[in-house]
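Place chains B, C and D on chain A using the hints.
Residues per chain are reported as follows:
There are 4 protein chains.
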Amino acid sequence: MINVRTDLAVEAREIYKNIHKREADGVIFKEDEKDDIKITTVEVTTPEGAEKIGKSIGKYITVDIPEYTHYDGELMDDVSKVVADYLADLIEVKEDKTALVIGLGNRNITPDALGPKVVEQMMITRHLKKVMPDTIDDSVRSVCALSPGVLGITGIETVEIVKAVVDKIKPSLVICIDALAARNLERINKTIQIGSTGISPGAGVGNNREGINEQSLGVPVIAIGVPTVVYASTIVNDSIDNIIDGLMEQTKNNKAFFSMLKDIDKNEKSALIKSMISEKGKDMIVTPKEIDVIIESVSKIISMSINKALQPNLEMEDINKFMN
Amino acid sequence: MINVRTDLAVEAREIYKNIHKREADGVIFKEDEKDDIKITTVEVTTPEGAEKIGKSIGKYITVDIPEYTHYDGELMDDVSKVVADYLADLIEVKEDKTALVIGLGNRNITPDALGPKVVEQMMITRHLKKVMPDTIDDSVRSVCALSPGVLGITGIETVEIVKAVVDKIKPSLVICIDALAARNLERINKTIQIGSTGISPGAGVGNNREGINEQSLGVPVIAIGVPTVVYASTIVNDSIDNIIDGLMEQTKNNKAFFSMLKDIDKNEKSALIKSMISEKGKDMIVTPKEIDVIIESVSKIISMSINKALQPNLEMEDINKFMN
Amino acid sequence: MINVRTDLAVEAREIYKNIHKREADGVIFKEDEKDDIKITTVEVTTPEGAEKIGKSIGKYITVDIPEYTHYDGELMDDVSKVVADYLADLIEVKEDKTALVIGLGNRNITPDALGPKVVEQMMITRHLKKVMPDTIDDSVRSVCALSPGVLGITGIETVEIVKAVVDKIKPSLVICIDALAARNLERINKTIQIGSTGISPGAGVGNNREGINEQSLGVPVIAIGVPTVVYASTIVNDSIDNIIDGLMEQTKNNKAFFSMLKDIDKNEKSALIKSMISEKGKDMIVTPKEIDVIIESVSKIISMSINKALQPNLEMEDINKFMN
Amino acid sequence: MINVRTDLAVEAREIYKNIHKREADGVIFKEDEKDDIKITTVEVTTPEGAEKIGKSIGKYITVDIPEYTHYDGELMDDVSKVVADYLADLIEVKEDKTALVIGLGNRNITPDALGPKVVEQMMITRHLKKVMPDTIDDSVRSVCALSPGVLGITGIETVEIVKAVVDKIKPSLVICIDALAARNLERINKTIQIGSTGISPGAGVGNNREGINEQSLGVPVIAIGVPTVVYASTIVNDSIDNIIDGLMEQTKNNKAFFSMLKDIDKNEKSALIKSMISEKGKDMIVTPKEIDVIIESVSKIISMSINKALQPNLEMEDINKFMN
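Chains A, B, C and D supply the protein sequences, listed in that same order. Using full-length UniProt numbering, read the first sequence as starting at 1 and increasing by one per residue. Using full-length UniProt numbering, read the second sequence as starting at 1 and increasing by one per residue. Using full-length UniProt numbering, read the third sequence as starting at 1 and increasing by one per residue. Using full-length UniProt numbering, read the fourth sequence as starting at 1 and increasing by one per residue.
I should point out that these hints are in silico values taken from the structure, not numbers from a laboratory. Treat the hints with caution; some may be incorrect.
Which copy is meant is left open, because identical chains are indistinguishable; a pair holds if it fits in one copy or across any two.
What the hints assert, rightly or not - Mimicking DSS-like on lysine-lysine, the simulated pairs with C-alpha atoms at most 27 Å apart in a straight line are:
#, residue 1, residue 2
1, LYS321, LYS129
2, LYS300, LYS94
3, LYS252, LYS262
4, LYS289, LYS129
5, LYS190, LYS289
Looking at chain A on its own, in the form it has when it is part of the complex (with noise of 0.2 Å):
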């Protein structure tokens, strides 16, 4: 599986059983359909389960956004709808506990900024709740939020900052929110996944070396994630490998070509690989030209699903009014 990055559960167990041509043991698939939106679950329920798809023990569900315009405002209600009530499954955290949204990512990066514009689009409530309890209705949850910025521009580990605040501000709830990387470039700004582990070492376009999760921040991390990039090295990667598909299939014939192609090894491919990226390429990647409107929109579904998951009190309407 080298060269090919995925932050994709759905992905991840794909390639498995493309080259298995069975699904992984410890690894549960379904697919559902809500409104004409298309659901997949992938639940990894034991630990060979999670080295197989190298997806952590837990589940993931990915809901499809359908073509779209960013101003139908319409269908970006649907889709948040559904992604509310997959999200509301999974928030088992009483309406009277605080929850922390953490938006990964670098602002200043477009296809990276996508945890940072939805934290700008959440209803937070908890100074109100401790400040001046009166405005607010007891029904209302105490949400916070966090963009705490990337390695690279604060020096401190993302896990170091949310931890510190976590610790202080005790929330009974996590959730994250990172733009990550697909390998089919179909699915860029097409899927957001919603999973139950929070973020895993290595996940997410940004450095996150050590896992956001419960076992790092001790309470329930869910994270929610959209593939808003493919790297140009798995772009590459595929295409040798379908040329190679191509030609196994012309010679399958003649054995002894057949064979040769088949002996072409992962060294050989990687060294391919990399004389068709240069060092400078690997940070390459592969994005549509119109990121800044796609983001824009994409964020606003999430951090609707979100506000709706969050208080399940309020209508749509009152979240709305609340926001300003």
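Here is chains B, C and D on its own, set in the frame of chain A:
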């Protein structure tokens, strides 16, 4: 001093002096010049002085930025060198100790974005010294930074976040950067204030109820600020004062009128101001139209100053090479 | 009317009425309400009326935006429908004729960026109707748009650029959007003015020496504007007027003093204002801190209105689907 | 050359040379070095040469930007001086003639925003020379600028707008700045191309169907461009070529297989690429993550170059003083 909001010690001292026609006890005032750049020092030495001008005990250095164009690299260098020198004097922490730079303010509100903008241009080294100490010279100080956001966006008091991170990473020095409010339009974006005692309750455009200072954090706190706005209510108040002064000048031979004008008391003035500045107007600010461009260049000057002051063993050239 | 700058006909009329205690001849004033939204019409019918309130002959409709949150889609829809209706009344051009939308102002100065922001959200169809007429229904109007920039950035008078493009592509209607200056803080971002006669010399925050109107362009020009700033000098002027009025009220039984106050003539007032507002202060503006967010949502309202008014055969839903 | 999109003459020449193992007739290639900066000149002298490498007759100078940090003013100065020199050679218009600088591209799409960004940093003098000639020295050239936007936003072909404005203000020279697409990842943001013959149909990231050149505008047109993206399809194509080349190398002793590989014709390759790059993927671009920061500094280099080349009588210092 009602209705006149200023975060500048130099203005607070001036207001006191204009009213009382003498320096406040416990306040020492000095003016200096360096390379055509004017520097003013207000030192508050006693609790009486602190109360009289409404500033904590400590040293407040004000560096005036001469008229300049936003492309004039040379002048920006000159100013940043002067600021760096004064800053270096205040930094009594050895070079092997960590400094934490805090960018206060709301990055989405242009005149309040100074702090976060400065943080983005800091020479950040702490992670390198920790993770790959070989890549970085011992003479380089460990520096990290954070832009904690504002209460309305995070739901967490800024000082709570800063305190949490300080407790976790234990820096030996904190430097805070904040956008300030001035009384006088002339000072907007033209003055850099360096304070030895951090930020006291109520200062800044943001909402920092508790102070960010040695008392709350346990380490020395240096504050750097630039006035980026004047409150609309300050302008109105000053207009009213001016017209009254003008009339008093004109009527000084007519005792009855003169004393009537003198008797316009604070309540009347307050009522007048309120009638002009509605509830909504209270949050109105006066700022130059081209504030976006100005914040850009002022933040550059300040970040260069801090980088230089924190890294006495490096040349500006080395610092520039490091940044990328 | 020296020192009081307003681009709003409704304010110019008000100032005249306050001074002369009656409506100006040649000016008709009407108030209306639609779905809780207040609409005011000032119609200038004669050259005398034009001179008296300083606005060209024509119709000026002012739609008040009720208090709202920037997430409240419904209210934004309501306001944009009202604006669209009034706009549609002014558009006397058949649907098979081309409309050109001009976004005036400097996009890099937030309070001046309204016009360019609106242009970015227009439903642009001219190129489709020209190049692939089959993809687009005949009932859809041909619409194109331009943000010409401002004199200081281009070195070309805005009207020169607009005229050049109008001469080339020959639209049948021009709609200009511009950020305006108000006199009253209350009106900032709370009022949409629709004018039937384009933009006259001196109006707008930008520098439009020659008018952008039927005279200069040869086609009807509708102007839409929102006040986003009040000039600092206007606030100072009004403060001085208010305190003088207050004192006159207090001293009305003291003839000598009263007449002294009454005699404070324009020159004295001008000198006072100048002493307060320095050369630099003249370009200072008063604006809400959160102007960035507000421009975002107001530009959305206006673009929805124009899209709807220009495409009477389309539902809002169709327009949204088109945009991407 | 299908599927390989490059706007760089230096790459087009290289592709030809790699395939045909010799220089194309009618193409002259030269390499030079100045202050450690590499300069390459491709001169197309005949229609045959033009057809062979797909570039119009004219001179294409490519200046390589050495590795640098975005804060390194000195290196930026060096590069901009070299570019200014070559630019000055191409400008055959006397200093008393007006130059019009055109910033092509969509300012809201970061990798396409180079042109508009450069325009914002031009020394604009035309309005001063017209309106207040006394304030400006005779030796200063009249310069104006425009960012016309892109077809999808304006509904008007870019060349129509430029032609309209050129016809109106009659400059003696047009300089166009545009973001380009390269073939090689290494060149992204590392190369400045100066072309003597404007922009030909199809060039650039934008949609410029008709050329912006002396033919269409009637005045000389110089084009300056920087590659900011590689198309995803180019990467895939090159990957496939590389693997085939690698396999051919490995199988050169096996004639049957070798010739099979050699026979993979364009159609098969096209089908393979299409299977990898879906409809959606066609608009995908490869770009560095930190593209926002890079565009900022590259636009600064280019604007400094143009300012210097257009104002041979001014020192850089004078130009900087002018800008504000």
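Cross-check of the supplied hints:
1. Taking the shortest Cα distances, LYS321 and LYS129 sit within 27 Å of each other inside one copy (17 Å), while across copies they are farther apart (41 Å).
2. Within a single copy, LYS300 and LYS94 get their C-alpha atoms as close as 25 Å, which meets the 27 Å cut-off; across copies the closest is 38 Å, which misses it.
3. Both within a single protomer and between protomers do LYS252 and LYS262 lie at most 27 Å apart by alpha-carbon distance, with minima of 11 Å and 18 Å respectively.
4. Taking the shortest alpha-carbon separations for LYS289 and LYS129, only the inter-copy value of 25 Å comes in at or below 27 Å, while the best intra-copy value is 42 Å.
5. Proximity of LYS190 to LYS289 under the C-alpha cut-off of 27 Å is found in both arrangements, the shortest distances being 15 Å within a copy and 20 Å between copies.
Violated hints for the displayed structure: none, as all numbered hints are satisfied.
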